[in-house]
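S.K.: Sequence:
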Amino acid sequence: MVRLDADLLARTPSYLSPLRDREIDLRGHKIPAIENLAVTRDQLDSIDLTDNQIHALANLPVLKRLSQLLLANNPVRTVSVNLATSLPNLRTLVLTNAAVPKDALAHTAVTLGRCRKLEHLSLKGCPVQHAQHYKDWIIFNCKKLRSLDFERVHLKDREHANSLFLTATGEPTALHTSFLEAAASGSAAAAPSLVSSATGTKTFEPGVEPAERDAGKAGRLLTKEEKDRVRKAIEGAESVEEIRRLQRMLAQGFVSTAAKRSGQPIDAAASPPSAPEIPRRPRYDELAKLEPAAHRLAFRSIPYGSPASIVFPPSSTVPQFSTSNKYFQLRCFPSQSRYPDRPEGNNPHPHPPTASLNNSLPTPPPSLLGTTDPNPNRPSPFLSTPSERRKRSAQSARTRKPYTVDLTLFASKKKVHKSAVVRERCKRRCREAIRLVVVRNAASSARTGQEEGGLVLQEENVRETGPRKWLLPGYHYIMNITLETYRGPLPDLVASLREALKTLKTKAEAAALAAQLADIEIAPRTRLPDLITSD
1 MVRLDADLLA RTPSYLSPLR DREIDLRGHK IPAIENLAVT RDQLDSIDLT DNQIHALANL
61 PVLKRLSQLL LANNPVRTVS VNLATSLPNL RTLVLTNAAV PKDALAHTAV TLGRCRKLEH
121 LSLKGCPVQH AQHYKDWIIF NCKKLRSLDF ERVHLKDREH ANSLFLTATG EPTALHTSFL
181 EAAASGSAAA APSLVSSATG TKTFEPGVEP AERDAGKAGR LLTKEEKDRV RKAIEGAESV
241 EEIRRLQRML AQGFVSTAAK RSGQPIDAAA SPPSAPEIPR RPRYDELAKL EPAAHRLAFR
301 SIPYGSPASI VFPPSSTVPQ FSTSNKYFQL RCFPSQSRYP DRPEGNNPHP HPPTASLNNS
361 LPTPPPSLLG TTDPNPNRPS PFLSTPSERR KRSAQSARTR KPYTVDLTLF ASKKKVHKSA
421 VVRERCKRRC REAIRLVVVR NAASSARTGQ EEGGLVLQEE NVRETGPRKW LLPGYHYIMN
481 ITLETYRGPL PDLVASLREA LKTLKTKAEA AALAAQLADI EIAPRTRLPD LITSD
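Mapping of the sequence shown onto the UniProt record's numbering: position 134 corresponds to residue 134, and the numbering continues sequentially without gaps.
Since the hints were derived computationally from the structure, they do not count as laboratory data.
Every value quoted in this text rests on a predicted model; they were computed, and no experiment measured them.
C-beta: ideal position from N, C-alpha, C; glycine also.
Among the hints, a few may not be true.
[As the list claims (entries may be wrong)] Label-pair restraints from in silico Cβ distances:
1. D103 <-> V39: 44 to 52 Å
2. T506 <-> T177: 53 to 61 Å
3. S419 <-> I234: 21 to 29 Å
4. F150 <-> K326: 49 to 57 Å
5. V39 <-> R116: 53 to 61 Å
6. Q43 <-> A174: 43 to 51 Å
From just these sequences and the hints, can you work out the full model?
M.R.: As structure tokens, this is what we get:
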């Protein structure tokens, strides 16, 4: 037997197959176990391990490029539960003439079903092929399977499998439940006991060392230290899950290298490496209560080609206010000064100094912004007659014009993520939080003394008062977001956004009041009336 080591992988040439795949030929070496495949550095599309002595499809590193694995004529009995994690892009798996037992059908099918891209599977010649409901259970778990045992999977086969394991309402049948229960205990059932593996019949083979003869099997020869560690691990096991994990580790022939080096108990080291679980974000039922107007809150941003969208230099003539937290940095400035370095005639994107919210807020007085109104005869967006007001209130929310908020979101690769999909999700989440705060006056339930982990929405309609309460008319908002906007819970993001909008509005009102007080001429003290004092 030849061990699959780095030397064998280095001297075996790779070539382009007729399918234009980079493939390595490791046929007929009588390799006892899969190991050291990380030496390939994920540069192969196909690995041919036909005609070897591999007993377990396990101990695979993460190979994202590998799409085809050929293991025909190998006595493979078990399939690692981490196969989908190690080979996420596996499309073809050939286990022809393997030794997968009949009672391992449930566990094997569920394990292969985790390979989301598996299209071609061959278990021809295996004992599991003669198990009851073999074809239906494999097709039911492998949703994208196109061929099974070199036969095409038709639509009628998939419909028949669904009718066996699902009811008309989509509930699992009794047969489906029994297969799932068998799959849950399949790991321990597939792994032989430690006693049988240690006391099995020994056969003398000339020219073959005992370690090589037993390598790759369920109870392959271990050193005395490893045997002691296994006994200690079994004696110290506190649950059935730990015992099953130890049995599965021995059945796969995998002994952790980290455990060997550190000398720690064998159960303290993970078997094959697995990807960390990504916690799912909680779903909030309050979002279903939003009226259509919340989704009609339009956002208008600064064009990315303008210099103002990149750098906002501090200026004494242009008021700017900012605040920041772990989720974002929020700044605002008057909308008409979005191009402070360009004359009004050279502005390629003219923007009239109107309110940021159409049909919701009056135009700010020119004296407050320190500019002159270029169109003094502009009609008011509000209709003052009683009949028009009644007509406007009876209008459907879907037919109303959406509120337009001047907001520019910046999601950099350094602060958010290199993936454009993640950055777009962060932007979408920020827009969702702004809609909740502005339209429905949303707040975190933890801040209101209620049960944590939810949102509290206003019951009454705040379509008219919401934008006026939270946003500054005639101001443009700049938001530089971080990755925490997507990782963090939505109630915390909403609470942080409420505080930021309040802070900016308070700063803007204080600055406007200070500007008005500076223009007031203070009368001399001599002209002030004397204070009336009483004896």
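S.K.: Each hint needs a verdict: does it hold in this structure or not?
M.R.: Status of the hints after comparison with the structure:
| no. | hint | verdict |
| --- | --- | --- |
| 1 | D103 <-> V39: 44 to 52 Å | violated (35 Å) |
| 2 | T506 <-> T177: 53 to 61 Å | holds (60 Å) |
| 3 | S419 <-> I234: 21 to 29 Å | violated (44 Å) |
| 4 | F150 <-> K326: 49 to 57 Å | holds (56 Å) |
| 5 | V39 <-> R116: 53 to 61 Å | violated (27 Å) |
| 6 | Q43 <-> A174: 43 to 51 Å | holds (48 Å) |
The earlier numbered hints that this structure contradicts are 1, 3 and 5.
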